[in-house]
Amino acid sequence: MQTLSLRAKLMSFSLAADGTVDVMYLEDGVLICTDGRIDALMPAANYTADGGDLDACEDLRPCFICPGFVDTHLHMPQLGIIASYSPQLLDWLDRFAFPAEQAFADSAFAAEQAQHFLDRVIASGTTCAQVFTTVHEHACEHLFAAAQSLDMAMIAGKVMMDRHAPAPLTQEPQACARACEGLINKWHDKGRLRYALTPRFAITSSEEQLALCGELLQSHPSVMLQTHLSENHEEIGEVARLFPQADDYLDVYERFGLNVSSATFAHGIHLSASERLRIVAAGAKVAFCPSSNLFLGSGLFDLAAMPMDNLSIASDVGGGTGLSMLDTCAEGYKVGQARGHQMHPTEAFYAITAGNAKSLGLADEIGQLQQGYSADLVVLNPTKPQGLAERYAICEDLTDALFAFMMLSDDRSIERCYIAGKLAYSASAQ
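Following the numbering used here, the numbering of the sequence shown begins with 1 at its first residue and continues without gaps.
Keep in mind that a hint or two might mislead.
[Stated by the list, open to error] Heads up, simulated EDC-like pairs for lysine to aspartate or glutamate below, C-alpha to C-alpha not over 16 Å straight-line:
#, residue 1, residue 2
1, Lys422, Asp39
2, Lys190, Asp151
3, Lys422, Asp151
4, Lys422, Asp35
5, Lys422, Glu58
6, Lys384, Asp411
7, Lys190, Glu365
8, Lys422, Asp119
9, Lys186, Glu137
10, Lys384, Asp410
These are calculated hints, taken from the structure and not from any lab test.
Let the sequences and hints guide you as you build the complete structure.
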């Protein structure tokens, strides 16, 4: 039996029936985890009163412990092209994203990069992610194998493209579907792994490929689906040209049965009112990617127009400029301010923990400090970096502290990460 006993400030976030965020906060708390799951949490005074030995708990104060962050949309092969100077989306794909992905044809390189990617993701405080790999079957295999070795919750899929991309990154639709089915059979629901069908976006998939994707979704109803939607005006125009029979961009996916509750549509900046209503009715989710949207000049997402139950927040690396979900929230706050909608710090922390877990169908497993949940934890240090330390010293309450974390933290603020109760990252070991 493996037991983890930690003393720190404990916080967790949930959504109340009226749509507001409830905060569980213990100024001085004890968290007990047994065999990878949360066994108990309580105020330190209660722990002592019940006969517990505080000296046997590792004291991490003044650090905060909260559920590990969840990232609902990012690209494994794009880590090395963060901050690549280019005009908007389609040019950036041609100049940087596609060449970076072609390098993953080398299986050994893909295996090395999969491990490096997970190391970087975990060091940023993220303990669960939904990931695009590449068109190469082995790249997806290597990511799943690396995540499995850590007992990490991971949703991933092999990218599906059969046109309008470099030839080495395209695959005949039937062959692609067979490869996806093989990956589903081998990895989906194995431990904490889940498969996501991953057509990149409508531009790079023919009607045949989208139809086969829909058939796979019907025959494997528990798999997820991830793709892109309405990110960029030029992209939307190209989709309209390629699919003249469709009423709008979302209709392209709907014609093949892809607007479903298990779907994550990345970006959704330029959705019509009708498209929003249809996404909500289907129970699908839109991944808000503020860092990427600002960097590529794609537009300002309308946070107020999408219900929280149909919204997640994601880094979109490498269109996004970093893996940190706290920094992603800072960028999201700025987008909201520009659109006249203020993102409250508790809403942001809920979104990147319990909210994103719910959007991926994992609300009963991760995202909260709650008995029985997986012990996926991030330890946040309010004394690093110096700017955060100085601001934290004069914070008046928890909301003030959360906002300081959101706006001023960086990689140095991540003190530790635990996955299934095991230490997966420690700043002191770096």
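Comparing the hints with the structure gives:
1. Taking the CA atoms of Lys422 and Asp39, the gap is near 14 Å; set against the 16 Å cutoff, the hint holds.
2. About 10 Å separates the Cα atoms of Lys190 and Asp151, which keeps this hinted pair within 16 Å; it holds.
3. The suggested pairing of Lys422 with Asp151 holds, with an alpha-carbon distance near 9 Å, which does not exceed 16 Å.
4. About 9 Å separates the Cα atoms of Lys422 and Asp35, which keeps this hinted pair within 16 Å; it holds.
5. A C-alpha spacing of about 14 Å is found between Lys422 and Glu58, which places the hinted pair at or below 16 Å, so the restraint holds.
6. With a C-alpha separation of about 9 Å, the suggested pairing of Lys384 with Asp411 holds against the 16 Å cut-off.
7. As the CA atoms of Lys190 and Glu365 are separated by approximately 15 Å, the hinted pair is consistent with the 16 Å bound.
8. The suggested pairing of Lys422 with Asp119 holds, with an alpha-carbon distance near 14 Å, which does not exceed 16 Å.
9. Of the supplied pair hints, the one linking Lys186 and Glu137 holds, its CA atoms being roughly 12 Å apart against a limit of 16 Å.
10. Restraint check: the Cα-Cα separation between Lys384 and Asp410 comes to about 8 Å, which is no more than 16 Å; the hinted pair holds.
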